[in-house]
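Given the structure of chain C, go ahead and fit chain S onto it with the hints provided.
Protein chains: 2
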Amino acid sequence: MSKVEIFKNAPKHGYIEKAIHVDSDAFKNVVESRRSVRVFDDTKIPEKIMRECLRLALLAPNSSNLQTWEFFWVRDPEKKKNLVKYCFSQPAAKTAQELVVAVARPDRWKEINNLMLAKFDEKKKIRLKAAYQYYSSIVPKAYNMGPFGIYGPFKQLYVWYKGLRRPMPRGPFSLSGMRLWAQKSTALACQNFMLAIRAHGFDSCPMEGMDAKRVKALLNLSKGASICMVISVGKRSETGVYGPRVRFDQDLFIKEI
Amino acid sequence: MSKVEIFKNAPKHGYIEKAIHVDSDAFKNVVESRRSVRVFDDTKIPEKIMRECLRLALLAPNSSNLQTWEFFWVRDPEKKKNLVKYCFSQPAAKTAQELVVAVARPDRWKEINNLMLAKFDEKKKIRLKAAYQYYSSIVPKAYNMGPFGIYGPFKQLYVWYKGLRRPMPRGPFSLSGMRLWAQKSTALACQNFMLAIRAHGFDSCPMEGMDAKRVKALLNLSKGASICMVISVGKRSETGVYGPRVRFDQDLFIKEI
Chain C
1 MSKVEIFKNA PKHGYIEKAI HVDSDAFKNV VESRRSVRVF DDTKIPEKIM RECLRLALLA
61 PNSSNLQTWE FFWVRDPEKK KNLVKYCFSQ PAAKTAQELV VAVARPDRWK EINNLMLAKF
121 DEKKKIRLKA AYQYYSSIVP KAYNMGPFGI YGPFKQLYVW YKGLRRPMPR GPFSLSGMRL
181 WAQKSTALAC QNFMLAIRAH GFDSCPMEGM DAKRVKALLN LSKGASICMV ISVGKRSETG
241 VYGPRVRFDQ DLFIKEI
Chain S
1001 MSKVEIFKNA PKHGYIEKAI HVDSDAFKNV VESRRSVRVF DDTKIPEKIM RECLRLALLA
1061 PNSSNLQTWE FFWVRDPEKK KNLVKYCFSQ PAAKTAQELV VAVARPDRWK EINNLMLAKF
1121 DEKKKIRLKA AYQYYSSIVP KAYNMGPFGI YGPFKQLYVW YKGLRRPMPR GPFSLSGMRL
1181 WAQKSTALAC QNFMLAIRAH GFDSCPMEGM DAKRVKALLN LSKGASICMV ISVGKRSETG
1241 VYGPRVRFDQ DLFIKEI
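So the sequence lines, in the order shown, correspond to chains C and S.
The first sequence begins at 1 in this note's numbering and counts up by one.
The second sequence begins at 1001 in this note's numbering and counts up by one.
Don't read these hints as lab results, they were simulated from the structure.
For clarity, every value in this text was computed on a predicted model and none was experimentally measured.
Among the hints, erroneous ones may be present.
In silico lysine-lysine, BS3-like type, Cα no more than 27 Å apart, as pairs [claimed, not checked]:
id : chain 1 : residue 1 : chain 2 : residue 2
1  : C       : Lys141    : S       : Lys1094
2  : S       : Lys1129   : S       : Lys1162
3  : S       : Lys1216   : C       : Lys18
4  : S       : Lys1003   : C       : Lys85
5  : C       : Lys235    : S       : Lys1129
6  : C       : Lys235    : S       : Lys1028
7  : C       : Lys12     : S       : Lys1094
8  : S       : Lys1008   : C       : Lys80
9  : S       : Lys1213   : C       : Lys141
10 : S       : Lys1003   : S       : Lys1129
11 : C       : Lys141    : C       : Lys123
12 : S       : Lys1094   : S       : Lys1044
13 : C       : Lys81     : S       : Lys1012
14 : S       : Lys1018   : S       : Lys1110
15 : C       : Lys8      : S       : Lys1085
16 : S       : Lys1235   : C       : Lys28
17 : C       : Lys162    : S       : Lys1079
18 : S       : Lys1223   : C       : Lys162
19 : S       : Lys1255   : C       : Lys79
20 : S       : Lys1125   : S       : Lys1018
21 : S       : Lys1008   : C       : Lys235
Sample of chain C residues with no beta-carbon within 10 Å of chain S, all distances over it, derived [said to hold, decoys possible]:
id : residue
22 : Asp42
23 : Pro91
24 : Asp107
25 : Tyr132
26 : Tyr158
Yeah, the Cβ is synthetic: ideal placement off N, Cα and C, and Gly gets one too.
Isolated chain C, as found in the complex (with noise of 0.2 Å):
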């Protein structure tokens, strides 16, 4: 049995969300016309819709809930001249009207494990003791690697042994463990972005091709932290969309066992 109260059981929060109901054939309508755009026209995004997309980018689900992602919207010409140069100047980025670049920030994550633990007061430490449990005590053994990652390789070890008897966590062990945790997180909250793009009228293109070293140093980024990707917003032009969708056959990718 876990030692993480609340992997136990659920805590007795009082908490009531109910489900609203929601419009499956209008979401649907927005993954299947989201393509990715390559060629934009003139049309420009106005800066509320840009904001609102962003914003509900941040509603993704996240690792530990430690929003580990930063997303900057580069606006200043100048920069936006040389992030499209770093992305090799291909058409989605030239042509783009916004440009955001997704970034990981495993760097950050104690920062925001201290912004979550200042929301316990006294009698919510009380209350809420799983959750407090989480934050003060499993989420700084989980993710703090020590100065150039030096603890992962004994949290490794630790759980090797352990995992011998029973189901264990499994990293991250290392900087580059923890960069793949931020990162899909990052990815998570990238793909509401640019689904919200296109259900408020826009397209978008997810941009892996480019410079992410360059990209960094544009954004004065520290060492810590990970280009995610480029995503490029506008309005698609007539030819925007190379060719339909490719998918092969699902077998390939879903398997029921």
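Leaving out everything else, chain S in the frame of chain C:
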């Protein structure tokens, strides 16, 4: 200027896909009402809905359209029981009606790339020259790491040298870089799936707290595969959401520069 045709100019593909009108409020409702639900009730999920949501998952954008993802819908009672154990029997797993394991498959890039190449007949090779160049020449250069990832360091050195003078794609340069690359695309699909589940009136919980090693063994996965997350699905019980959504000041995560 990039040597990659498809980055240079938009190809003359002759394809037109108009942007349909979609309902942004309906979409917002889906995103806002999606919460990580940790206790589910006994309501069954219709098979048809599970399959539709898995289908929508696979419509996510993904790197080079190589679709390096797999979704295991674990239905066998014995396997499901073990999977719950590997998720530390946490309520979100124990009470789930359905469990899906999202897996990143960087090791399948070549297989899917071959399927992609098979779509080009002689006529298409000429008409869609840029796309053909991309899959026949660029993709193998980018993603073939050689046995044990031995090509990686050479690629990295080459890119470092070339990158002194011009923007260059920075990776993947290793098997772990390939894993990160495939995990990102898989996470995009996971978000589609979780939103789709909500859009159909049900709920989900993404779990990274699980024994990925044991889950891999359970699914009989080869070494190159990498567990992204386990997603539990069901109808929320009255107290299935543990509290109001916690998000900190947006300025911490969204930067307009």
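Evaluation of the provided hints:
1. C/Lys141 <-> S/Lys1094: With Cα atoms ~25 Å apart, C/Lys141 and S/Lys1094 stay inside 27 Å; holds.
2. S/Lys1129 <-> S/Lys1162: holds, 25 Å
3. S/Lys1216 <-> C/Lys18: violated, 35 Å
4. S/Lys1003 <-> C/Lys85: holds, 14 Å
5. C/Lys235 <-> S/Lys1129: holds, 26 Å
6. C/Lys235 <-> S/Lys1028: holds, 20 Å
7. C/Lys12 <-> S/Lys1094: Holds, because 17 Å separates the two Cα atoms, which is no more than 27 Å.
8. S/Lys1008 <-> C/Lys80: holds, 18 Å
9. S/Lys1213 <-> C/Lys141: holds, 20 Å
10. S/Lys1003 <-> S/Lys1129: With Cα atoms ~13 Å apart, S/Lys1003 and S/Lys1129 stay inside 27 Å; holds.
11. C/Lys141 <-> C/Lys123: Distance ~24 Å between C/Lys141 and C/Lys123 Cα, so the pair holds.
12. S/Lys1094 <-> S/Lys1044: This hinted pair holds, its Cα atoms lying about 14 Å apart.
13. C/Lys81 <-> S/Lys1012: holds, 25 Å
14. S/Lys1018 <-> S/Lys1110: violated, 32 Å
15. C/Lys8 <-> S/Lys1085: Given pair C/Lys8, S/Lys1085 holds - Cα atoms ~12 Å apart, limit 27 Å.
16. S/Lys1235 <-> C/Lys28: holds, 20 Å
17. C/Lys162 <-> S/Lys1079: Holds - the C-alpha atoms of S/Lys1079 and C/Lys162 are around 22 Å apart, at most 27 Å.
18. S/Lys1223 <-> C/Lys162: holds, 22 Å
19. S/Lys1255 <-> C/Lys79: holds, 13 Å
20. S/Lys1125 <-> S/Lys1018: Distance ~25 Å between S/Lys1125 and S/Lys1018 Cα, so the pair holds.
21. S/Lys1008 <-> C/Lys235: Holds, because 20 Å separates the two Cα atoms, which is no more than 27 Å.
22. Asp42: holds, 15 Å
23. Pro91: The claim breaks: C/Pro91 does not keep its Cβ more than 10 Å from every Cβ of chain S (closest is about 5 Å).
24. Asp107: Fine: 14 Å to the nearest Cβ keeps C/Asp107 off the interface.
25. Tyr132: holds, 12 Å
26. Tyr158: Check passes; 14 Å lies beyond 10 Å.
Checked against the numbered hints given earlier, this structure breaks hints 3, 14 and 23; the rest are met.
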